[in-house]
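A.B. asks: Sequence:
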Amino acid sequence: MQQRKNQWMKISGLLFTAILFAALPMNAWADGPPKPSAMANPLTQVLVVIIGVLLLAIALLAHVVLGAAEMKMQRFRDQQKNNTGAKVLGIIVLLCSANSVFAAEEPATDVAIAASSAISGLSPTAFYSLISVVGVELLVLLWLLYHLKSLLAKEDPEVVSVTETVVKESAWKKWWEKANSFKPVQEEANIDLGHNYDGIRELDNRLPPWWLYGFYICIIFSAIYLWRYHVTHTAPSSLEELAIVMEKAELEKENYLKRAANNVNENTVTYLSDATSLEAGKKIFVTACAACHAADGGGTVGPNLVDDYWLHGGSMSDIFKSIKYGWPEKGMKSWKDDYSPAQIAQITSYIKSLKGTKPGTPKEPQGELYEEKAIQDSASAAPVIKAGLN
0 MQQRKNQWMK ISGLLFTAIL FAALPMNAWA DGPPKPSAMA NPLTQVLVVI IGVLLLAIAL
60 LAHVVLGAAE MKMQRFRDQQ KNNTGAKVLG IIVLLCSANS VFAAEEPATD VAIAASSAIS
120 GLSPTAFYSL ISVVGVELLV LLWLLYHLKS LLAKEDPEVV SVTETVVKES AWKKWWEKAN
180 SFKPVQEEAN IDLGHNYDGI RELDNRLPPW WLYGFYICII FSAIYLWRYH VTHTAPSSLE
240 ELAIVMEKAE LEKENYLKRA ANNVNENTVT YLSDATSLEA GKKIFVTACA ACHAADGGGT
300 VGPNLVDDYW LHGGSMSDIF KSIKYGWPEK GMKSWKDDYS PAQIAQITSY IKSLKGTKPG
360 TPKEPQGELY EEKAIQDSAS AAPVIKAGLN
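Numbering-wise, numbering that gives the first Met the number 0 puts 32 at position 33 of the sequence shown, and it's gapless, one number per residue.
In case anyone wonders, no lab produced these hints; they're calculated from the structure.
Honestly, I wouldn't trust all of these hints.
The calculated PhoX-like cross-link candidates involving lysine-lysine, where the alpha carbons are at most 25 Å apart (straight line), are [stated by the list, open to error]:
| no. | residue 1 | residue 2 |
| --- | --- | --- |
| 1 | 329 | 354 |
| 2 | 335 | 357 |
| 3 | 320 | 332 |
Quick list of the computed label-pair ranges, beta carbon to beta carbon [claimed, not checked]:
| no. | residue 1 | residue 2 | range |
| --- | --- | --- | --- |
| 4 | 258 | 325 | 21 to 29 Å |
| 5 | 240 | 312 | 46 to 54 Å |
| 6 | 329 | 258 | 16 to 24 Å |
| 7 | 233 | 258 | 20 to 28 Å |
| 8 | 248 | 212 | 38 to 46 Å |
All of these numbers come straight from a predicted model, not from anything done at the bench.
Glycine included, every Cβ here is placed at the ideal spot set by N, Cα and C.
Construct the entire structure; sequences and hints are all you get.
C.D. replies: Next up, the structure:
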């Protein structure tokens with residue numbers, strides 16, 4: 000405040016000095032009779048008053064602009080202060096130069112010319128100088144008004160944004176309190192049960208609506224479940240579902256075993272001791288192998304399959320390989336295109352089961368003696384199926 004008061008005093012002093020210098024002719028003591036002063040002209044007095052009023056308006060408006068930008072525009076305030084002093088000094092210089100023009104001596108020959116070109120008794124130079132000062136002051140006023148408007152307009156969006164943020168937070172808080180049936184702090188006295196435990200008060204709050212509706216849905220679901228599964232039996236119970244699943248698993252197991260049987264080869268073949276597999280192998284043997292090996296395995300064109308002598312090995316793998324690929328150079332065809340791997344395994348198991356039987360007309364041994372490296376219990380315990388005649 001003290002700084003602004005000092006500034007006002009400086010501006011007032013400069014204004015008074017300018018008017019004083021304008022009123023006194025600079026060459027009042029020049030030789031010759033004194034001429035009428037320009038300040039005696041009514042137009043000059045009006046223009047000087049206008050200049051003074053505009054200068055006062057500039058000072059007031061500059062004061063307002065500086066106050067509005069005090070926090071955000073410190074540099075702008077200092078610049079505006081300097082500009083105000085420069086304007087006052089410029090006005091003083093203009094007034095002094097105008098006064099010099101007013102007091103200058105002119106030759107007698109120029110008096111008539113000046114009188115003829117004067118504007119309301121004022122020389123054109125002085126008139127246009129004063130009008131220029133008025134125009135400059137008006138421009139300064141417009142410039143200050145523009146900046147004042149800009150400063151005031153910048154603060155509006157900030158207020159609006161803060162207000163919007165508050166409204167959004169208030170709307171969310173109101174929705175959350177409604178969803179949970181919260182009571183305001185001012186109404187807690189109405190739901191206080193009067194129980195105070197070390198500063199913790201017990202309130203009679205209701206359950207949140209979403210919790211309560213969820214509980215109702217559970218009750219309805221349990222009633223439907225009881226009616227369908229235990230009253231009308233329109234849906235399978237837990238034990239019935241278990242039986243269905245087990246039945247489905249048995250079907251899948253059978254399909255898997257069928258697929259696995261067809262994946263057997265000479266490296267994975269094993270002796271099949273079950274009567275079903277051996278009976279199936281016998282049927283195929285009588286149909287496809289009896290022509291060369293006799294129905295009882297004693298051999299005709301082909302070798303004897305009952306003794307311990309074998310031309311190409313007597314293991315399960317060797318016999319499976321001989322049936323699958325055959326021996327074309329010795330007159331035995333390949334049967335892999337006629338029978339599946341599972342059927343070839345059944346034929347192989349049936350041939351192994353013929354060991355120890357007595358054919359009707361056995362053929363003399365051929366090949367090399369074959370001895371099992373490990374006696375298989377399953378093979379020894381396998382039922383003996385006697386080969387029948389055609």
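A.B. asks: For each hint, tell me whether it holds in the structure or not.
C.D. replies: The hints, checked one at a time:
1. Of the supplied pair hints, the one linking residue 329 and residue 354 holds, its CA atoms being roughly 23 Å apart against a limit of 25 Å.
2. Proposed proximity of residue 335 and residue 357 is contradicted: the alpha carbons are some 29 Å apart, above 25 Å.
3. Distance hint between residue 320 and residue 332 is fulfilled; the C-alpha atoms sit about 12 Å from each other, no more than 25 Å.
4. Residue 258 and residue 325 have their C-beta atoms about 26 Å apart, which keeps the hinted 21 to 29 Å range intact.
5. Between residue 240 and residue 312 the beta carbons are some 53 Å apart, a value that agrees with the proposed interval 46 to 54 Å.
6. Checking the proposed 16 to 24 Å range against residue 329 and residue 258 shows it is violated: the Cβ atoms sit about 34 Å from each other.
7. For the hinted restraint 20 to 28 Å between residue 233 and residue 258, the CB-CB distance of approximately 37 Å leaves it violated.
8. Between residue 248 and residue 212 the CB atoms are about 41 Å apart, so this pair conforms to the stated range of 38 to 46 Å.
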